[in-house]
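K.L.:
Each chain, written out:
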Amino acid sequence: MSLPLSAKVPFGGDYNPEQWPEDVWKQDYRLFDTARIDLVTLGVFDWALTQPAEDTYDFALLDTIVERAGAEGRGICLATGTGAHPPWLAKAYPEVTRTDFEGRKHRFGQRHNSCPSSPVFRRLATELARRVARRYADTPAVLAWHVGNEYGGACYCALCAAGFRGWLRDRYGTLDALNEAWYTTFWSHTFTDWDEIEPPSALTEHWRGPDHSAFAGITLDYRRFTSDAMLTNFRDEKAAIRESSPTLPVTTNFMGMYRPIDYHRWAPHLDFVSWDNYPPDDESAARMALTHDLMRGLKDGQPFWLMEQTPSVTACRDVNPLKRPGLLRLWSWQAVAHGADAVLFFQLRASRGASEKYHGAVIGHAGRADTRVFQEVAELGAELERLGPVSLGARTPARVALLFDWDSWWALELSDGPSRLVGYQQVVLAYHRALWDAGVDLDVVAVTADLSRYDVVVAPALYLLKGDLPQRLEAVATRGGSVLTTYLSGRVDENDQAFLMDVPGPLGQLMGVRVDEWDARGPDVVNPVRLGDGADQVDVDARLLFELVIPQGAEVVGTYQADFYAGTPAVTRNSFGAGDGWYVAAGLDQVGVSWVVRQVLDRHDLLGPHPDVPDLESAVRVAADGSRLRF
Amino acid sequence: MSLPLSAKVPFGGDYNPEQWPEDVWKQDYRLFDTARIDLVTLGVFDWALTQPAEDTYDFALLDTIVERAGAEGRGICLATGTGAHPPWLAKAYPEVTRTDFEGRKHRFGQRHNSCPSSPVFRRLATELARRVARRYADTPAVLAWHVGNEYGGACYCALCAAGFRGWLRDRYGTLDALNEAWYTTFWSHTFTDWDEIEPPSALTEHWRGPDHSAFAGITLDYRRFTSDAMLTNFRDEKAAIRESSPTLPVTTNFMGMYRPIDYHRWAPHLDFVSWDNYPPDDESAARMALTHDLMRGLKDGQPFWLMEQTPSVTACRDVNPLKRPGLLRLWSWQAVAHGADAVLFFQLRASRGASEKYHGAVIGHAGRADTRVFQEVAELGAELERLGPVSLGARTPARVALLFDWDSWWALELSDGPSRLVGYQQVVLAYHRALWDAGVDLDVVAVTADLSRYDVVVAPALYLLKGDLPQRLEAVATRGGSVLTTYLSGRVDENDQAFLMDVPGPLGQLMGVRVDEWDARGPDVVNPVRLGDGADQVDVDARLLFELVIPQGAEVVGTYQADFYAGTPAVTRNSFGAGDGWYVAAGLDQVGVSWVVRQVLDRHDLLGPHPDVPDLESAVRVAADGSRLRF
Amino acid sequence: MSLPLSAKVPFGGDYNPEQWPEDVWKQDYRLFDTARIDLVTLGVFDWALTQPAEDTYDFALLDTIVERAGAEGRGICLATGTGAHPPWLAKAYPEVTRTDFEGRKHRFGQRHNSCPSSPVFRRLATELARRVARRYADTPAVLAWHVGNEYGGACYCALCAAGFRGWLRDRYGTLDALNEAWYTTFWSHTFTDWDEIEPPSALTEHWRGPDHSAFAGITLDYRRFTSDAMLTNFRDEKAAIRESSPTLPVTTNFMGMYRPIDYHRWAPHLDFVSWDNYPPDDESAARMALTHDLMRGLKDGQPFWLMEQTPSVTACRDVNPLKRPGLLRLWSWQAVAHGADAVLFFQLRASRGASEKYHGAVIGHAGRADTRVFQEVAELGAELERLGPVSLGARTPARVALLFDWDSWWALELSDGPSRLVGYQQVVLAYHRALWDAGVDLDVVAVTADLSRYDVVVAPALYLLKGDLPQRLEAVATRGGSVLTTYLSGRVDENDQAFLMDVPGPLGQLMGVRVDEWDARGPDVVNPVRLGDGADQVDVDARLLFELVIPQGAEVVGTYQADFYAGTPAVTRNSFGAGDGWYVAAGLDQVGVSWVVRQVLDRHDLLGPHPDVPDLESAVRVAADGSRLRF
Ligand SMILES: [Zn+2]
Ligand SMILES: [Zn+2]
Ligand SMILES: [Zn+2]
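Protein chains in written order, with this note's numbering: chain E, 180 to 810; chain Y, 180 to 810; chain C, 180 to 810.
Simulated from the structure, these hints should not be mistaken for lab results.
We put the beta carbon where it would ideally sit given N, CA and C, even for glycine.
Treat the hints with care, as some may be off.
Simulated crosslink set (DSS-like; lysine-lysine; CA at most 30 Å straight-line) [claimed, not checked]: (1) E/K270 <-> E/K284; (2) Y/K284 <-> E/K270; (3) C/K284 <-> E/K284; (4) C/K284 <-> Y/K284; (5) Y/K645 <-> Y/K478; (6) C/K284 <-> E/K270; (7) C/K284 <-> Y/K270; (8) E/K187 <-> E/K205; (9) C/K187 <-> C/K478; (10) C/K645 <-> C/K478; (11) C/K270 <-> E/K284; (12) E/K284 <-> Y/K284; (13) E/K478 <-> E/K187; (14) Y/K187 <-> Y/K478; (15) C/K270 <-> C/K284; (16) Y/K205 <-> Y/K187; (17) C/K270 <-> Y/K284; (18) E/K284 <-> Y/K270; (19) Y/K270 <-> Y/K284; (20) C/K205 <-> C/K187; (21) E/K478 <-> E/K645.
Residues of chain C placed beyond 10 Å of chain E at every Cβ, according to the derived structure [claimed, not checked]: (22) D390; (23) P439; (24) K478; (25) G659; (26) Q688.
Using the sequences plus the hints, can you model the full thing?
P.N.:
What follows is the structure, encoded as structure tokens:
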């Protein structure tokens, strides 16, 4: 099962005709004509509409909406509608609403509001998906199924506590194994009954918020459980869909670098990946490239759908600037260049009320076609129409891999010590930025990915090591490749326990170093690092974290210039097999990171076509027929 | 019914002899003689004293206190004493304490601690008011009734939920109407039973605090309900007072620009307005002028009482600077100039214990008359004695109106998008400041006020439009007046739904513009705006919000100078009837706002006597005999 | 009963062999040999180990651990193990977990997790202490008992509410006395039944956090109660130990300037004081000196144990810098110089998992002896071995006392007004810093201490006055001594009620001033103060608080230079008896504070040997044989 079938890049987005009288629909479709909009996502929040009471399903209005879209020649991405539960459900079954990290039981409101462990929620959501699929599986306009919406958040209720205990029994088998994994001899935590185990929250193990836990191992497992519990919700609905729709592809919309959900664990269960791109600001081109690559990497390079982006402004932020002219077009093409096989918006028509009425829309409250925004959308629609099918299914031929790992993200940011100021994303972004500036095509992959196809593997902040990853990284070097990793790598095993060896643990042989200790400092403390020598020498800044390295065979590439460890190594390169292991022991600034990364790329002749033109982005996709598309 | 009768401006304030032995009372009255204090507010927190148990009322001490005040020749503003309930009540009836926005049920403590919907609280508070009035209605010294104290805050308990549902039934009649008003098709919120409706709180619709609601319409209604519920508390007590006191005026002390209570809805139910003036700092002269004018405008220009001000310091702030010498006098006279017919303090004698022991008082802990503060109070007392009755009842003859609207305040600050950085008060303050600097007399009035008497109507951030306001604003212009409004006006109807037309909605004809889109930016982004032309041309800064305007007949008065919309209009003037509509599309700095406001005033020859002397304030009141008092 | 017997300064620290297999123990002891580690603290978090179920005690592993330590020739500080309760206890008896300030009932997790008022917790913790003592009292290696761990925090549950009411009955006897003490006439708070009294929390009297209470008197008493309730826990365990161990000294580890626990009330119940020294940063030398002196002063100058310090980094902070080379040695010797008779670490071997795995340890995860940290530890061990017994029991001969008072700390920081920006510790630190810079030996003592041995008594921010302290301070001056106090002194009595007299209350006669009023300003407002005259004149800055002083006999030493009170006194000296009272009315900067303090010291010829060498610290201890040790 792969992506939905289409003759060109689908163009359109979320559409809510149920909010409007039918005469507005008519105006909308004429404007869709103008803008070449050929796909509508329907029904994302229709639960209250399609099931107005526990024993009543009513598809009359949705039928009309679906029929109209089909009659107008539009493709449909049809949602099961379980992204938010209806008021009657919360009233009848208080168990369905969540209990938050602070221990507060919520009542009806907002969206993303269902406890993933609630049997009632699971039963009714699955049944709704079943009925939606049964009803519309044979509607030719329906191209894909959209389950739930932006899964996320967490619940800490008693049902989730029970679910967590069951999940732990599956994982550990015995309490002895669990006690060992969680290191419960510390602080008198030895569990003697499964029922003694509580979800880690502000009421139990946490002392200053979700990242401050007395037992990171417990919290790490709760994050895994939460991600899995919601995945079960998705899988339940997908299975119900499959009962009547054996072949139409199923997705749910991801949110890029979204910490609470381990998309690597989810991706095998989706037929195709789709995601919602809401960059934090105008300066996010590199970050978006990384996120597109991450999303493309979820299913081994398979193209994805850009399920949502705003045509102009967001609404939920403190400050919501508009997309400057041309950015909508530029960013849409960036998505295509990085693997998007659909370009969709949230939203096609602006709501009149509630929290998203000011969120950008193709059609605004006045229903005009002569707005700047509508015109930019229409021009993009025309361009995509001219593009035709050529990019569909095309692949990215990368020889460089960037490792991205939710477990490392979670464990690093949970850690008490060395520094709360080091963020996983920030480290990854810096190394990605260096690769992006260098114009290299790259894949962003899980630590479980096949690394045998890459010449260079960049693994920033590879904090938690699991499985045979160290061996596979060594294999990359053995056959002549380069592996680069950084400070705060090789620290803990999958239970968040320190390795009983020198840092960087099982990466030590490959890196040829041992870390004797480490120094963390506030953001205004700089330790200059001198990189290279001779004409190539450069002085850069390092901040936040400084590991003190004692080479065990590695060559020194850069040294600290200040403090009592001045002159000791900050960057090293170790010959290993036919290749190398590079270790960056400090929080180098972007210039320093880029310098190191280019050293690595140079050895493999991997610099892109215009590596020194700032902010020029290039990307290559290879179509099914072998033709290369250069963006 | 109007203000209490008095032969001069009453001078005095809150007095708590129940905290002291009687020999202290005697010292106090001799000091009151020295300071010409002729009015005491008694009994504001006496519930625990006057009703020590549910079945026991005990007025013995209050009798003595009231008798003494009368015997000493002082007027009395007598409180019902329901500003805080006693411990026994909270213990016997846990329902009376509030549940907060976070869903936490409070127990006994603080003040302002009663659930406005609690039947027990309502019954007992009303009964206490009834008994107080019955007992003292014929006491000649009693000049006025003071109900509760500084009504405010909010409650989210089950009783309030039930009260809210009843209020909604009254407002909407049917669930269909409610669903339509709240736009519940969005996010699957269609309500099918009144009991499904929850107070909007951190446990239901809110996601980051009281201003971040998924459904602003629900929250807006809850604010209206809360204001109304407390108004019902006030009205209950007033009705009970009226049973035995048919003519003495009744008030409660307002708090100026206090967001939780819509004083425009309350004012008709008070016989006279009184308020507590605690400016945030020494630089608040303009702000206080605005607030006095707002308070005076509540009852169509009727004078008010300045019920509280501190003679020196506050206590509850992080930093409590003292009032510099002379400020007490200056600010008291400012109040009189703007319509105050009483000058009162909190507090006459400082408490020994609890949270207000360091709050400024006429008499401090040492009981001295030779403090700086006491001497300034005494000098002011002497001045007011010399003033005599001349200012009592005098009116302000204003030709300029500034609109102030709680609904717009609430809805604008609830809005998701365009910018959380734009505060309603800040916009209003800037336009008021321009008028104040120009030395013009003005009224601050509700959007429902009669506008036919004004030449100029300034309506900053008139976000929510209700009733026939657009027509009445057009009428001002039709007959030759000027109407000025700004960005973020004409956005939503009274249900917080966007108008299905160009911004500024029903104000578009009057303003002769349409807003195509808008840009919000952080506080450090400046877009310069060029105002006027020729010799009059001036460049000012604009920040935070920038609407992109397409004139529909309006003349361009100012243009943006930067960004892709450089050269487009930032300020416009539209000829409408014999007058004009002025539209300011961006967050101009104070110089820019003042420039525009003076353009408007100039056309009506309304600049004050010394418009260019900084920080000089002037005000005019016209006495009942027609004489003009110039301050 | 005094300190544990030992032939030299014990050296070692917390050791958790229960976390490791026995072969690791063996490696550890060989490394201990290298580092001259001769004392291990065992069993601090062993409750889950020694009592795995309510009816099961299992000392098998602890027996082995204790035996091994003894066999290896190490002394043992043996913990009762009640610093954290086990999961089964929380599950079986939910009452044992705490309810926090926000009213949230916690469930099992973390440490310091027991409600001090819970009968079940008290019974079982006491029984465990009884059994541990009975089992190991005759083990020769055991030198001392360690009860609980770092007592602290607070609980607001119903059991604590009941405990609080009992404590109040003991304190006040009658509700009338309580109502008078708490000034409950204010805000209708008169209590008519003990059960109406609630713990002051976010749900009752507090409005912005633990320091913002409507009734500081209630909160002050709750802090006293909390400190006393935990003291009862300690005393319960100690009594149980005494049943079988009549002579071994008992301690618990304090935390220096830790606000929640009044160590002056605890100290008489400990046989010797021990504390954990985790300075906030590298610049804390003066602060640590103060804290050591405070700890030494708890038992009238008796030496204390330095129970914990990290050999390198902490883990729980946002940023955890390493101790620069040499600091470990320097700070350990500073402790000895100020009265430490033991130098111990947390921790001897780093945990593999949970929240302290990155906390510094003598032995790291790799088990190496060739780390920088281990080598510094070993060098220190050798030095202490060479020192031998000479410093044990030595006393500090101080003629200067600095008063430190938990009641003043609590009450000042609870106060509404004048300024939340004035912190008790900050004021004390500034005056201590001045004494420290001057190189003077000083004692830091309680306000109840015998002052007759001191020439100079420095009492910064002596906000709350209790007992006969004013008389004893006057006695110091009468016999020729100097007393120095500051702004915010002499404000309230022990019930937090203002004195009904001029500020500084009962200190007014000694100081010869009255404070007419006070001005608080933000941190960027400076009022320069001119100190002294002639050649000695100096201009310094004052900030935050400015009291306006009218001398009543005192000589003016410094004057304000700005604002309307320019020229009035900021610092005064009053002749009283044969000595003086010095009053500093404003928040002088460090230069100003030091100037005043040196004036005072000069009069008594008390400046240290090198008062002008910056950051040079000196201290003197006098050994039992009278020999002086100079550090
Ligand atoms: Zn749940
Ligand atoms: Zn309520
Ligand atoms: Zn408790």
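K.L.:
Are the hints correct? Go through all of them and say.
P.N.:
These are the hints, each one checked on the structure:
1. E/K270 <-> E/K284: Holds - the C-alpha atoms of E/K284 and E/K270 are around 13 Å apart, at most 30 Å.
2. Y/K284 <-> E/K270: Between Y/K284 and E/K270 the Cα gap is close to 21 Å, so the pair holds against 30 Å.
3. C/K284 <-> E/K284: 13 Å, holds
4. C/K284 <-> Y/K284: Holds - the C-alpha atoms of Y/K284 and C/K284 are around 13 Å apart, at most 30 Å.
5. Y/K645 <-> Y/K478: 20 Å, holds
6. C/K284 <-> E/K270: This hinted pair holds, its Cα atoms lying about 25 Å apart.
7. C/K284 <-> Y/K270: 21 Å, holds
8. E/K187 <-> E/K205: Holds, because 25 Å separates the two Cα atoms, which is no more than 30 Å.
9. C/K187 <-> C/K478: 21 Å, holds
10. C/K645 <-> C/K478: 20 Å, holds
11. C/K270 <-> E/K284: Given pair C/K270, E/K284 holds - Cα atoms ~21 Å apart, limit 30 Å.
12. E/K284 <-> Y/K284: 13 Å, holds
13. E/K478 <-> E/K187: Holds, because 21 Å separates the two Cα atoms, which is no more than 30 Å.
14. Y/K187 <-> Y/K478: At roughly 21 Å apart (the allowed maximum being 30 Å), Y/K478 and Y/K187 satisfy the hint.
15. C/K270 <-> C/K284: With Cα atoms ~13 Å apart, C/K270 and C/K284 stay inside 30 Å; holds.
16. Y/K205 <-> Y/K187: The hint holds at about 25 Å.
17. C/K270 <-> Y/K284: This hinted pair holds, its Cα atoms lying about 25 Å apart.
18. E/K284 <-> Y/K270: 25 Å, holds
19. Y/K270 <-> Y/K284: 13 Å, holds
20. C/K205 <-> C/K187: This hinted pair holds, its Cα atoms lying about 25 Å apart.
21. E/K478 <-> E/K645: Given pair E/K478, E/K645 holds - Cα atoms ~20 Å apart, limit 30 Å.
22. D390: C/D390 is indeed farther than 10 Å from all Cβ atoms of chain E, at 18 Å.
23. P439: 15 Å, holds
24. K478: 30 Å, holds
25. G659: 48 Å, holds
26. Q688: 48 Å, holds
Checked against the numbered hints given earlier, the structure satisfies every one of them.
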